[in-house]
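Numbering (the working numbering), first residue to last: 1 to 152.
What the hints contain is simulated information worked out from the structure, not anything from laboratory work. The model shown is predicted, which means the values in this text are computed figures rather than measured ones. Hints may contain errors.
Said to hold, decoys possible - The list that follows gives simulated cross-link-like pairs (lysine-lysine, DSSO-like), each with its CA atoms no further than 30 Å apart:
1. Lys122 x Lys31
2. Lys152 x Lys41
3. Lys152 x Lys119
4. Lys56 x Lys83
5. Lys31 x Lys41
6. Lys140 x Lys75
7. Lys122 x Lys152
8. Lys122 x Lys83
9. Lys119 x Lys31
10. Lys83 x Lys140
11. Lys127 x Lys31
12. Lys119 x Lys75
13. Lys41 x Lys56
14. Lys56 x Lys122
15. Lys83 x Lys119
16. Lys31 x Lys75
17. Lys41 x Lys140
18. Lys83 x Lys152
19. Lys41 x Lys119
20. Lys75 x Lys122
21. Lys56 x Lys127
22. Lys75 x Lys127
23. Lys127 x Lys83
24. Lys75 x Lys41
25. Lys56 x Lys75
26. Lys56 x Lys140
27. Lys122 x Lys140
28. Lys127 x Lys41
29. Lys83 x Lys31
30. Lys56 x Lys31
Unchecked claim - Per label pair, the in silico range of CB-to-CB distance:
31. Pro123 x Gln100: 15 to 25 Å
32. Asn57 x Phe85: 29 to 39 Å
33. Val105 x Arg72: 12 to 22 Å
34. Asp138 x Asp84: 30 to 40 Å
35. Val105 x Trp44: 17 to 27 Å
Glycine is no exception: its CB is placed at the ideal position from the N, C-alpha and C atoms.
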Amino acid sequence: MIARRTLLIGAAAAALARASTALAQSADVMKLREELMALEKGSWGFMRDRDVEAMKNFLGDDALLIFGDGNRYNKRQTLELMKDFTLHSIAYEPNFAVRQLAPDVATLLYRVTYSSSVKGGKPETIKVLSSSVYARRDGKWWSVLYQETPVK
Numbered sequence: 001m002i003a004r005r006t007l008l009i010g011a012a013a014a015a016l017a018r019a020s021t022a023l024a025q026s027a028d029v030m031k032l033r034e035e036l037m038a039l040e041k042g043s044w045g046f047m048r049d050r051d052v053e054a055m056k057n058f059l060g061d062d063a064l065l066i067f068g069d070g071n072r073y074n075k076r077q078t079l080e081l082m083k084d085f086t087l088h089s090i091a092y093e094p095n096f097a098v099r100q101l102a103p104d105v106a107t108l109l110y111r112v113t114y115s116s117s118v119k120g121g122k123p124e125t126i127k128v129l130s131s132s133v134y135a136r137r138d139g140k141w142w143s144v145l146y147q148e149t150p151v152k
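All chains should be modelled from the sequences, with the hints used to inform the complete structure.
Right, here's the structure in full:
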């Protein structure tokens, strides 16, 4: 009877340890989710404000951006595009998620609707599912891949 009780107490303790570890990991993931979404919203602000210096400090040197129209830009091309890009409006959907793929790699997924134009052209509005891959290098998160898929 005592051995059985000890076994039950041990199993309960192990389950509690797993639950507290899961809660701690969940809190860490939620913190990361909020941190990366703040960075992401900041990058949209850089685009809106044409803040090339801030964008240089946001994009990794190996960054690749793929927009809903299929156009692909590396870091240099993105910084060049910013001179002619106008972000007229942006609205984020409240639900967004993060997937931590490794301790220093995470993907942020969210939906956004924005209106933009290039070189003073007619503004176009697009709703997209965005995914951004971040890599932590020397303690700092860098955007290394941005990809958007148009949705209805």
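Tested hints:
1. Lys122 x Lys31: violated, 39 Å
2. Lys152 x Lys41: Holds: Lys152 and Lys41 sit about 22 Å apart, inside 30 Å.
3. Lys152 x Lys119: The hint holds at about 26 Å.
4. Lys56 x Lys83: holds, 13 Å
5. Lys31 x Lys41: Holds - the C-alpha atoms of Lys41 and Lys31 are around 15 Å apart, at most 30 Å.
6. Lys140 x Lys75: holds, 17 Å
7. Lys122 x Lys152: With Cα atoms ~20 Å apart, Lys122 and Lys152 stay inside 30 Å; holds.
8. Lys122 x Lys83: holds, 16 Å
9. Lys119 x Lys31: violated, 38 Å
10. Lys83 x Lys140: holds, 26 Å
11. Lys127 x Lys31: Roughly 26 Å between the alpha carbons, so the hint for Lys127 and Lys31 holds.
12. Lys119 x Lys75: With a Cα-Cα distance of about 19 Å, the restraint between Lys119 and Lys75 holds, given a limit of 30 Å.
13. Lys41 x Lys56: holds, 15 Å
14. Lys56 x Lys122: holds, 27 Å
15. Lys83 x Lys119: holds, 8 Å
16. Lys31 x Lys75: holds, 27 Å
17. Lys41 x Lys140: Holds - the C-alpha atoms of Lys140 and Lys41 are around 17 Å apart, at most 30 Å.
18. Lys83 x Lys152: Distance of about 29 Å is within 30 Å: holds.
19. Lys41 x Lys119: holds, 23 Å
20. Lys75 x Lys122: holds, 25 Å
21. Lys56 x Lys127: holds, 26 Å
22. Lys75 x Lys127: holds, 23 Å
23. Lys127 x Lys83: This hinted pair holds, its Cα atoms lying about 23 Å apart.
24. Lys75 x Lys41: holds, 18 Å
25. Lys56 x Lys75: Holds. Lys56 to Lys75 sits at ~8 Å (cutoff 30 Å).
26. Lys56 x Lys140: The given pair, whose Cα atoms are some 13 Å apart, holds under the 30 Å limit.
27. Lys122 x Lys140: With a Cα-Cα distance of about 37 Å, the restraint between Lys122 and Lys140 is violated, given a limit of 30 Å.
28. Lys127 x Lys41: holds, 16 Å
29. Lys83 x Lys31: violated, 33 Å
30. Lys56 x Lys31: holds, 24 Å
31. Pro123 x Gln100: 15 to 25 Å: violated, 36 Å
32. Asn57 x Phe85: 29 to 39 Å: violated, 18 Å
33. Val105 x Arg72: 12 to 22 Å: holds, 21 Å
34. Asp138 x Asp84: 30 to 40 Å: Once the Cβ atoms are compared, 32 Å apart, the range 30 to 40 Å for Asp84 and Asp138 holds.
35. Val105 x Trp44: 17 to 27 Å: Cβ of Val105 to Cβ of Trp44: about 22 Å, so the range 17 to 27 Å holds.
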